[in-house]
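Q: With chain A's structure known, arrange chain B on it following the hints.
Chains as they are written, first to last, in our numbering: chain A, 1 to 389; chain B, 1 to 387.
Just so you know, the hints here were simulated from the structure itself, not pulled from any lab data. Honestly, I wouldn't trust all of these hints.
[As the list claims (entries may be wrong)] Pairs of lysine-lysine, DSSO-like flavour, derived with a Cα cap of 30 Å:
(1) LYS266/A <-> LYS222/B
(2) LYS44/A <-> LYS318/B
(3) LYS3/B <-> LYS44/A
(4) LYS361/B <-> LYS3/B
(5) LYS225/B <-> LYS41/B
(6) LYS386/A <-> LYS314/A
(7) LYS224/A <-> LYS386/A
(8) LYS226/A <-> LYS265/B
(9) LYS14/B <-> LYS265/B
(10) LYS265/B <-> LYS265/A
(11) LYS266/A <-> LYS41/B
(12) LYS266/A <-> LYS361/B
(13) LYS3/B <-> LYS266/A
(14) LYS265/A <-> LYS41/B
(15) LYS361/B <-> LYS226/A
(16) LYS194/A <-> LYS226/A
(17) LYS192/B <-> LYS154/B
(18) LYS361/B <-> LYS224/A
(19) LYS262/B <-> LYS224/A
(20) LYS14/B <-> LYS361/B
(21) LYS224/B <-> LYS3/B
(22) LYS225/B <-> LYS318/B
(23) LYS265/B <-> LYS3/B
(24) LYS262/B <-> LYS318/B
(25) LYS226/A <-> LYS14/B
(26) LYS222/B <-> LYS44/A
(27) LYS229/B <-> LYS224/A
[What the hints assert, rightly or not] Across the chosen pairs, the derived CB separations fall in these ranges:
(28) GLU223/A <-> VAL131/B: 50 to 58 Å
(29) PRO301/B <-> ARG136/A: 44 to 52 Å
(30) GLY137/B <-> LYS194/A: 47 to 55 Å
(31) GLY186/A <-> GLY137/B: 44 to 52 Å
(32) VAL131/B <-> GLU132/A: 27 to 35 Å
(33) LYS3/B <-> GLU161/A: 52 to 60 Å
(34) GLY137/B <-> GLU190/A: 50 to 58 Å
(35) LEU302/A <-> LYS41/B: 53 to 61 Å
(36) ARG136/A <-> ILE187/B: 42 to 50 Å
(37) GLY2/B <-> LEU193/A: 31 to 39 Å
(38) LYS44/A <-> GLY156/B: 53 to 61 Å
(39) THR362/A <-> GLY246/B: 51 to 59 Å
(40) PHE138/A <-> VAL131/B: 33 to 41 Å
Using N, Cα and C, we set each Cβ at its ideal position, and we do this for glycine too.
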Amino acid sequence: MPNRVAIVGIGQTHHAGHRYDVSFEELFNEATRAALEDAQLTVKDIDAAIVSNMDPFDGRGCVDTILVGESGAYLKSGVKPQTGGTTGGTSFSVAWTYAASGLFDTVLVVSGEKQEECGGDSQSVIMTAVDELTLRPFYTGALGGLAMRASRYIAETGCPEEIAALERVIMDENALANPYAHLRLGITVEDVLKSPMLIYPVRLLHMSPQSNGSTALVLASEEKAKRITDKPVWIRDVVTVHQSGFIRFLSGLSPDPSSHIVAAKKLYERNGITKPMEEIDLFEMYDPCIWEQIIWMEDFLLLEKGTAPKLIEKGVTRRDGAFPICPSGGVVCTNDIGATALTRVAEAALQTRGDAGEHQVTKEVNLAMASAWGAANWTVLSLLSKAID
Amino acid sequence: MGKGVAIIAAAQTKYGVRSDVHLPELAFEPVEEILSKTGLKFTEDGTGIDITVSCCDDYWDGRTISGVFGTDVAGGNLRHDERLESDGTLGVYYALIEILAGHADVALVISYCKESHTEPRLVENMCVEPVFLRSIGLDFLSAAALQANRYLTKYGITPEQCAKVVVKNRRNAKLNPYAQVATELTIDDILKSEMLAYPIRVLDSKPVSDGACALIIAEEDKAKKLTKKPIWITGIADCYDLHYLGDRELAECQSLVTAAQKAYKMAGITKPVEEIDIAELCDMFSYQELLWSEGLGFCAPGEGGKLVESGMTEIRGKLPINPSGGMISGNPVTVGGMTRVVEAVLQLRGEAGAHQIDGAKTAVVQGNHGICGQHQCVIILSNEGGE
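Extracted from the complex, chain A is given alone in its bound form (with noise of 0.2 Å):
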């Protein structure tokens, strides 16, 4: 029987386009404090700290290494997951997996990324993803994939622009509510749909900015988190899908399922969840753009191609709707990579205690769901509970 492991400490700096304030170790070390703060802890309290982002996007390597003395990472344990825009949750798993193996007590996960370091060219870095010899005569960045992953879907389904609209405005909705977001820019559906096109179907308004910033947690085993805090946040599951390199990033000629409907599909198994939508109370999707966002509510959800564009239309997705999806705003209001999934679990963490402020769901939260998304079309699905069991 695995330990038990609760979300003890939440943290996260103000996510923003440019961070000019703070150096590199300065963002990482902001976020660690909020999260020891936010569990009443010091880093003495720490056993291990796993440290991570995407490095290139920083222009640093070995950036554990480096952010030891600010991350609360000496003299303790620790290791440096590096899974692209999966990190945050690959970092949270394995800070998971630390504290539930009975070596470690306490594990701080802090993941961060100051983009603007890298010449603010995150695309042009993410190019070397791409098999050199095969492959990158062929590769776009991120955006190819999603692009083309959009236009398969609107030919398949018909799903109009407006829906893609309609989301992104919820979305930005909900990060006006959310002080922590990098885009708060109070839009309109027009706004949108008027937005400079990148790569058909995908236009600016419709992707992730490339945000600055970084978000930490801290988690305990079961006896130690029941002592540090009386809103423990539990650990129920995390499953990890990854997916081959070589066929997925020539995006959609995979005869293979995605990663996300086999996560979802695996974590669903395991934890006896038959109607997820009902189940499940929220989630903080990984939606590098907001028509991944429709596509892969499908996916998660188990849903017939097509379905997503009318929940969205009976406004089922809103904070205040039947199955609220990113009440923080998302990954299309904030993308600081490294972060960026581990700030998928802090805002479903935040949630499931209650403590959003003002961009908490309207519903109770009893079960959360967060995913993290990044490299070749990689998933990392957690479950969070308020109840042990």
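A: Here is chain B on its own, set in the frame of chain A:
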């Protein structure tokens, strides 16, 4: 530790410059060997390999999210495939953590790196803090030179004593078919070789190297079924030191001492020199074997030079260090620590061939990551027991 965890199979490539293979092909070599040796498959039902842990580094690989092109090699398609950017010893540690957490019973752990397809000094320079340190040209070599200079000055360790490490290890390498550089050298050969960064000469440093390793790690019941010779991980720990060299006392290795003490305690070892039969350490530069020996408690601080002079650490000595030839005979970074584990496993299984230490029961392995061995990991292995 709760339950026993053992390594049940190990494989490595021959180290060298491998212009004949693309990086994923290099990584696949030991994986293919280990899969055919064990007959294990990647499964979801607990009858085979449950997860893979890979250690590789974006900067050395020249790719962002470089684990992506190892996914196929790692058996990661639509499966739990974990990717760490750290030394291979941390990959072994994380697989053990996954098993103790009950998330997996059997793990494939791999590590791969192709230093020859890049300029390692430039890569290392990217891995130091950019505002204050990068522009002074700090890299692993110049940082190690600063450490070596401090260490030699504080304790009166001599360049001859450092050179003795190289003579010993490159001679040991002649008995190891996987080693990259195996030569009979004299101390004079090393002291006459070109100075790279004082006091480190060409022959005091490891060559540019390519290679890969794979291991299978299992919880005890499955381990006993999968092999007649499980090698138990009886102690394991890691520890981070600070990044800025000025914040550290470079003649000591605080993070290694901390990790070693924790690992020994777990393994119930109180007298390392008496209770350990073999040590495999990451000597990227010659002085490091001496300094890491002190950190591991084989001698008092400052006595590393005397230790190598005593002959105790020769291949037929009381405590052989690096019978494989060590990292100085050629391993890439990231992989080096896992090579040490593979070598220790071969020794404890009696499969090390010409460089076998007869009757070896307990081995200590050391791996590290970051400048001047900032992040240290120590693993104690034994061919006896199983809790």
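Q: If a hint holds in the structure, say so; if it does not, say that too.
A: Okay, the hints, checked on the actual structure:
1. Pair hint LYS266/A plus LYS222/B holds up; C-alpha atoms about 24 Å apart against a cutoff of 30 Å.
2. The hinted pair formed by LYS44/A and LYS318/B fails the criterion: a straight-line CA distance of about 40 Å is larger than 30 Å.
3. Pair hint LYS3/B plus LYS44/A holds up; C-alpha atoms about 28 Å apart against a cutoff of 30 Å.
4. Distance check on the hinted pair: LYS361/B and LYS3/B sit about 20 Å apart at the alpha-carbon level, within 30 Å; holds.
5. About 15 Å separates the Cα atoms of LYS225/B and LYS41/B, which keeps this hinted pair within 30 Å; it holds.
6. Restraint check for LYS386/A and LYS314/A: the C-alpha separation of about 28 Å stays at or below 30 Å, so the hint holds.
7. A threshold of 30 Å between alpha carbons decides the hint, and for LYS224/A with LYS386/A the separation of about 17 Å falls inside it, so the pair holds.
8. At roughly 29 Å between alpha-carbon atoms, LYS226/A and LYS265/B fall within 30 Å of each other, so this suggested pair holds.
9. The suggested pairing of LYS14/B with LYS265/B is violated, with an alpha-carbon distance near 34 Å, which exceeds 30 Å.
10. Pair hint LYS265/B plus LYS265/A does not hold up; C-alpha atoms about 42 Å apart against a cutoff of 30 Å.
11. A hinted pair counts as satisfied when its Cα atoms are at most 30 Å apart, and LYS266/A with LYS41/B qualifies at roughly 20 Å.
12. Taking the CA atoms of LYS266/A and LYS361/B, the gap is near 42 Å; set against the 30 Å cutoff, the hint is violated.
13. Straight-line distance between C-alpha atoms of LYS3/B and LYS266/A comes to about 26 Å, which keeps the hinted pair within the 30 Å bound.
14. Simply put, LYS265/A and LYS41/B have alpha-carbon atoms about 22 Å apart, close enough for the 30 Å limit, and the pair holds.
15. The straight-line distance between the Cα atoms of LYS361/B and LYS226/A is roughly 42 Å, outside the 30 Å bound, and the hint therefore fails.
16. Of the supplied pair hints, the one linking LYS194/A and LYS226/A is violated, its CA atoms being roughly 51 Å apart against a limit of 30 Å.
17. Annotation: proposed proximity of LYS192/B to LYS154/B holds, straight-line Cα distance about 24 Å (limit 30 Å).
18. For the hint pairing LYS361/B with LYS224/A, the CA-to-CA distance comes to about 37 Å; that exceeds 30 Å, so the pair is violated.
19. Between LYS262/B and LYS224/A the CA atoms are separated by roughly 21 Å; this keeps the pair inside 30 Å, and the hint holds.
20. About 25 Å separates the Cα atoms of LYS14/B and LYS361/B, which keeps this hinted pair within 30 Å; it holds.
21. Restraint check: the Cα-Cα separation between LYS224/B and LYS3/B comes to about 13 Å, which is no more than 30 Å; the hinted pair holds.
22. Distance restraint check for LYS225/B and LYS318/B: the Cα-Cα separation of roughly 34 Å exceeds the 30 Å cut-off, and the hinted pair is therefore not satisfied.
23. Under the criterion of a C-alpha separation no larger than 30 Å, the hint pairing LYS265/B with LYS3/B is consistent with the structure, at around 16 Å.
24. Taken as a hint, the LYS262/B and LYS318/B pair is honoured in the structure, with Cα atoms around 24 Å apart against an allowance of 30 Å.
25. For the given pair, LYS226/A sits about 51 Å from LYS14/B by alpha-carbon distance, which is inconsistent with the 30 Å threshold.
26. Our distance criterion of 30 Å between C-alpha atoms is broken by LYS222/B and LYS44/A, whose separation comes to about 38 Å.
27. For the given pair, LYS229/B sits about 38 Å from LYS224/A by alpha-carbon distance, which is inconsistent with the 30 Å threshold.
28. Separated by about 42 Å at the C-beta atoms, GLU223/A and VAL131/B break the suggested range of 50 to 58 Å.
29. The hinted range of 44 to 52 Å is satisfied by PRO301/B and ARG136/A, whose Cβ atoms lie roughly 50 Å apart.
30. Distance hint for GLY137/B and LYS194/A: a CB-CB separation of about 50 Å, consistent with the stated range 47 to 55 Å.
31. The hint said 44 to 52 Å for the Cβ distance between GLY186/A and GLY137/B, and at roughly 49 Å that hint holds.
32. As the Cβ distance of VAL131/B to GLU132/A is approximately 30 Å, the hint placing it in 27 to 35 Å holds.
33. For LYS3/B and GLU161/A, the Cβ-Cβ distance of about 56 Å falls inside the hinted range of 52 to 60 Å, so the restraint holds.
34. Checked against the given bound of 50 to 58 Å, the beta carbons of GLY137/B and GLU190/A, roughly 54 Å apart, stay inside it.
35. A beta carbon spacing of about 28 Å between LEU302/A and LYS41/B contradicts the range 53 to 61 Å that was offered as a hint.
36. Judged by the Cβ atoms, the range 42 to 50 Å given for ARG136/A and ILE187/B holds: they are separated by roughly 48 Å.
37. Restraint check, GLY2/B to LEU193/A: a C-beta distance of roughly 58 Å breaks the suggested window 31 to 39 Å.
38. Between LYS44/A and GLY156/B, the C-beta spacing of about 37 Å breaks the proposed range 53 to 61 Å.
39. Against the hinted window of 51 to 59 Å, the Cβ-Cβ separation of THR362/A and GLY246/B comes to about 54 Å, which satisfies the hint.
40. Between PHE138/A and VAL131/B the C-beta distance comes to about 37 Å, which sits within the given range of 33 to 41 Å.
The structure does not agree with the numbered hints 2, 9, 10, 12, 15, 16, 18, 22, 25, 26, 27, 28, 35, 37 and 38 stated previously, though it agrees with the rest.
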